[in-house]
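Undergrad: One letter stands for each residue in the lines below.
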Amino acid sequence: MDRDRRQSNSEVEELQELADREYEFGFVTDIESDSLPPGLNEDVVREISRRKNEPEFLLEFRLKAFRHWQTMTEPAWPMVKYPQIDFQEIVYYSAPKQQENLASLDEVDPEILRTFEKLGIPLEEQKRLSGVAVDAVFDSVSVGTTFKEKLGELGVIFSSFSEAVEEHPDLIEKWLGSVVPYTDNFYAALNAAVFSDGSVAFIPKGVKCPMELSTYFRINAAGTGQFERTLIVAEEGSSVSYLEGCTAPMRDTNQLHAAVVELVALDDATIKYSTVQNWYPGDKEGRGGIFNFVTKRGLCKGARSKISWTQVETGSAITWKYPSCILQGDDSIGEFYSVAMTNNYQQADTGTKMLHIGKNTRSTIISKGISAGRGQNTYRGLVKMMKNADGARNFSQCDSMLLGDRCGAHTFPYIEVKNPTAKVEHEASTSKIGEDQIFYCNQRGISTEDAVSMIVNGFCKEVFRELPMEFAVEAQKLLAVSLEGSVG
Amino acid sequence: MLEIKNLRASVEGNEILKGVNLRVREGEVHAIMGPNGSGKSTFANVIAGREEYQVTAGEVRYRDVDLLELSPEERACEGIFLAFQYPVAIPGISNAYFLRSSLNAIRNYRGEDEVDAFDFLKLIREKMKLIGIDEKLLNRSVNVGFSGGEKKRNEILQMAVLDPRLAILDETDSGLDIDALRTVAEGVNQIRSADRAIIVVTHYQRLLDHIIPDFVHVLFDGRIVESGGKELALRLEKEGYGWLEKGEETVSSATSPEEPR
Numbered sequence: 001m002d003r004d005r006r007q008s009n010s011e012v013e014e015l016q017e018l019a020d021r022e023y024e025f026g027f028v029t030d031i032e033s034d035s036l037p038p039g040l041n042e043d044v045v046r047e048i049s050r051r052k053n054e055p056e057f058l059l060e061f062r063l064k065a066f067r068h069w070q071t072m073t074e075p076a077w078p079m080v081k082y083p084q085i086d087f088q089e090i091v092y093y094s095a096p097k098q099q100e101n102l103a104s105l106d107e108v109d110p111e112i113l114r115t116f117e118k119l120g121i122p123l124e125e126q127k128r129l130s131g132v133a134v135d136a137v138f139d140s141v142s143v144g145t146t147f148k149e150k151l152g153e154l155g156v157i158f159s160s161f162s163e164a165v166e167e168h169p170d171l172i173e174k175w176l177g178s179v180v181p182y183t184d185n186f187y188a189a190l191n192a193a194v195f196s197d198g199s200v201a202f203i204p205k206g207v208k209c210p211m212e213l214s215t216y217f218r219i220n221a222a223g224t225g226q227f228e229r230t231l232i233v234a235e236e237g238s239s240v241s242y243l244e245g246c247t248a249p250m251r252d253t254n255q256l257h258a259a260v261v262e263l264v265a266l267d268d269a270t271i272k273y274s275t276v277q278n279w280y281p282g283d284k285e286g287r288g289g290i291f292n293f294v295t296k297r298g299l300c301k302g303a304r305s306k307i308s309w310t311q312v313e314t315g316s317a318i319t320w321k322y323p324s325c326i327l328q329g330d331d332s333i334g335e336f337y338s339v340a341m342t343n344n345y346q347q348a349d350t351g352t353k354m355l356h357i358g359k360n361t362r363s364t365i366i367s368k369g370i371s372a373g374r375g376q377n378t379y380r381g382l383v384k385m386m387k388n389a390d391g392a393r394n395f396s397q398c399d400s401m402l403l404g405d406r407c408g409a410h411t412f413p414y415i416e417v418k419n420p421t422a423k424v425e426h427e428a429s430t431s432k433i434g435e436d437q438i439f440y441c442n443q444r445g446i447s448t449e450d451a452v453s454m455i456v457n458g459f460c461k462e463v464f465r466e467l468p469m470e471f472a473v474e475a476q477k478l479l480a481v482s483l484e485g486s487v488g
Numbered sequence: 001m002l003e004i005k006n007l008r009a010s011v012e013g014n015e016i017l018k019g020v021n022l023r024v025r026e027g028e029v030h031a032i033m034g035p036n037g038s039g040k041s042t043f044a045n046v047i048a049g050r051e052e053y054q055v056t057a058g059e060v061r062y063r064d065v066d067l068l069e070l071s072p073e074e075r076a077c078e079g080i081f082l083a084f085q086y087p088v089a090i091p092g093i094s095n096a097y098f099l100r101s102s103l104n105a106i107r108n109y110r111g112e113d114e115v116d117a118f119d120f121l122k123l124i125r126e127k128m129k130l131i132g133i134d135e136k137l138l139n140r141s142v143n144v145g146f147s148g149g150e151k152k153r154n155e156i157l158q159m160a161v162l163d164p165r166l167a168i169l170d171e172t173d174s175g176l177d178i179d180a181l182r183t184v185a186e187g188v189n190q191i192r193s194a195d196r197a198i199i200v201v202t203h204y205q206r207l208l209d210h211i212i213p214d215f216v217h218v219l220f221d222g223r224i225v226e227s228g229g230k231e232l233a234l235r236l237e238k239e240g241y242g243w244l245e246k247g248e249e250t251v252s253s254a255t256s257p258e259e260p261r
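Order-wise, the sequence lines are chains B and X. The numbering of the first sequence is the numbering used here, which starts it at 1 and goes up by one. The numbering of the second sequence is the numbering used here, which starts it at 1 and goes up by one.
Derived by calculation from the structure, the hints in this document are not laboratory data. Be aware that a few hints might be false.
Stated by the list, open to error - So these bits of chain B aren't anywhere near chain X, every CB distance computed over 12 Å: (1) Pro37; (2) Gly237; (3) Asp331; (4) Glu435.
Claimed, not checked - Among the chain X residues that face chain B by a calculated CB cut under 7 Å, a handful are: (5) Ala48; (6) Arg50; (7) Leu68; (8) Pro72; (9) Glu73; (10) Cys77; (11) Leu82; (12) Ile90; (13) Pro91; (14) Gly92; (15) Ile93; (16) Ala96; (17) Ser101; (18) Ser102; (19) Ala105; (20) Ile106.
Using N, Cα and C, we set each Cβ at its ideal position, and we do this for glycine too.
Just need the whole structure built from these sequences, with the hints factored in.
TA: Right, here's the structure in full:
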């Protein structure tokens, strides 16, 4: 980092320009940040809570988390390598300056709106027809929420975390940390102490949420760690589909992202959570890029409840992420569909945990890992059948595809079965894109680049078909872009 | 249309083609026969531009361009179609999607508009009916779980849709029962036309009962050692390839009637 700082401005600018060209969303918005100085101690935690006007219970939650975090060390078991993170160099709070109590989007900083436009986020009212409600998180504070009224009529709460804390503190107090306790792991504890904002969705009894709920995350201010928190609760018989998509601007220094997502599904409720993650992966030499250390977990609390995770991970320098399901309710269902792609020097250690507690619980895991360049791709998964999980079943399929001979694919499936009636099936495969496949496409007029993209998309099909339509299209484009330059 | 002079090619340092001469004009159907290991498949793959085959000498002119300068996809877009001996599977990609991507890639190259899904479906249904292929094949992944016959029929379907100027069939008859053989032959006969040339590469004469060639060439040890009309195929059927070995001293002087020199 010191070396970076010593670089002359023009050099930095030149680099920036170059990188911006390669990374489509690598622009930096020029707005004044209202940030705390770098570093973390109890005062910083109190200050974050004070600035956000939080109730006492939340401050207590943060402080307990912070004290616990201080006793913890970073996990060393993932198959990823990165320089030591100095947690005292990170800025833990950064809010874009804005007028208080905005009545409409007209009052939002036009710079911010332009940023969203570049990213293609349908924030404006006239885009209501697109059918997506967007809670746009810009750095740490939400700047706008649409469709709120329409959802309000059904009793659906969909808002930024801060707003939810203000308007529905009882709900937050009841569910916060109920799936991912602050003691869970190093990054979850850190997040609990310093989280700045995020999204909350609450679907009341019997309501089928009529539209896809969507959040776009964006990391902006330089050197800012981002600690988002998402909480989704689906009451009895309700259902919701939630989309999360990410792009981040170009950065020279690594940025830490440690989010926590908690899902709760009560009796007969269904939550479908889809992610397309396209954060800045670093340059071709492996410099820069986002560190993505995320804890995502769903609790199938009620009988016959269902939680389905679908993720397409193409970005970040390092991905450390295991969206999991705790299948507590009898006959509950957990699903995990994943495409993880690593190119250049990207590293991904990702997978899932399926914890079968209830009777006749079922889970499905479909994981597709694609490695290109010098990318390292690890699937790590745990299927655990507890003592009372009579008749529980799991099916896992983990496929890896290699492009070139300098990349790596690794699979670590852990299986623990404590109930004799439970069934676990695991299939795994590794393949290389063959010269013969590419020649076959070439001979039909298809260029090598298009051929690779087609073959990879075919490989990922089982996952893509789980995505909502518009996301599936985006995901395919993203894969094609991420694969550019990986062959020939 | 296609003029090959003294073509030599190697695979991993082993010379397989040792000076092939051949001239193919619009409207003609040529059969290239020969025993296993004579270089038939190498010949087909070299024309299609497969990289593992290094051309070490010779010249290939195709419609007044130097074919050897073109990439495999450019050759395809210029109208060269190879029906593969072993069609390749592409899991997760439907046959229809693949073929439409192929057709549009070729149309793009030629500056023509892409065919939309609706028009494509119309076109492909028509061709399937013509060739007698089950429509179910459209939504299955390319060559995944296809029987040998289905794979070969599928190649013929692709050929019919892509409308090539020069079609090369590499042992398309191998492993086919008589019904599949007939379908394949009928497919080829359907596309015979005055502005299209077809090269049928085969080990056996039986395909030539159904596709009547204008010329038959015998490829032996990397050279065309004998050329003639369709009766040459019958002689090979009756006498095998053995007699060629005895007559090897005549090899160098054997020339095709179409031989350019």
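Undergrad: Against each hint, give a clear statement of whether it holds in the structure.
TA: Cross-check of the supplied hints:
With a cut of 12 Å on Cβ distances, Pro37(B) stays outside the contact zone with chain X, its closest approach being about 51 Å. At roughly 35 Å, the least C-beta separation between Gly237(B) and chain X is larger than 12 Å, which holds for a residue marked as non-interface. The claim that Asp331(B) lies off the interface holds: its Cβ sits roughly 31 Å from the closest Cβ of chain X, which is beyond the 12 Å cut-off. Annotated as non-interface, Glu435(B) brings its C-beta within 12 Å of a C-beta of chain X; the closest such distance is 7 Å.
The interface hint given for Ala48(X) is met, as the beta carbon of that residue sits about 5 Å from the closest beta carbon of chain B, less than 7 Å. A least Cβ separation of about 6 Å between Arg50(X) and chain B falls short of the 7 Å threshold, and the interface hint therefore holds. Among the interface hints, the one on Leu68(X) is violated; its C-beta lies about 15 Å from the nearest C-beta in chain B, farther than the 7 Å criterion. The interface hint given for Pro72(X) holds, since its Cβ lies 4 Å from the closest Cβ of chain B, which is under the 7 Å cut-off.
Hint status for Glu73(X): holds, given a least beta-carbon distance of 5 Å to chain B, under 7 Å. The beta carbon of Cys77(X) is positioned within 7 Å of a beta carbon in chain B (closest approach about 5 Å), and the interface hint is therefore held. Interface restraint check for Leu82(X): the shortest CB-CB distance to chain B comes to about 5 Å, inside 7 Å, so the restraint holds. The beta carbon of Ile90(X) is positioned within 7 Å of a beta carbon in chain B (closest approach about 6 Å), and the interface hint is therefore held.
For Pro91(X), the interface hint holds, the least distance from its beta-carbon to any beta-carbon of chain B being 5 Å, beneath 7 Å. Because the smallest distance between the Cβ of Gly92(X) and any Cβ of chain B comes to about 3 Å, under 7 Å, the interface hint for this residue holds. The interface hint given for Ile93(X) holds, since its Cβ lies 4 Å from the closest Cβ of chain B, which is under the 7 Å cut-off. Look at Ala96(X): its Cβ only gets to about 13 Å from chain B, farther than 7 Å, so that hint breaks.
The interface hint given for Ser101(X) is met, as the beta carbon of that residue sits about 6 Å from the closest beta carbon of chain B, less than 7 Å. Satisfaction of the interface hint for Ser102(X) is found here, the shortest Cβ-Cβ separation to chain B being roughly 4 Å, below the 7 Å cut-off. Hint status for Ala105(X): holds, given a least beta-carbon distance of 4 Å to chain B, under 7 Å. Checking Ile106(X) against chain B by beta carbon gives a least distance of about 4 Å; that is within 7 Å, so the hint holds.
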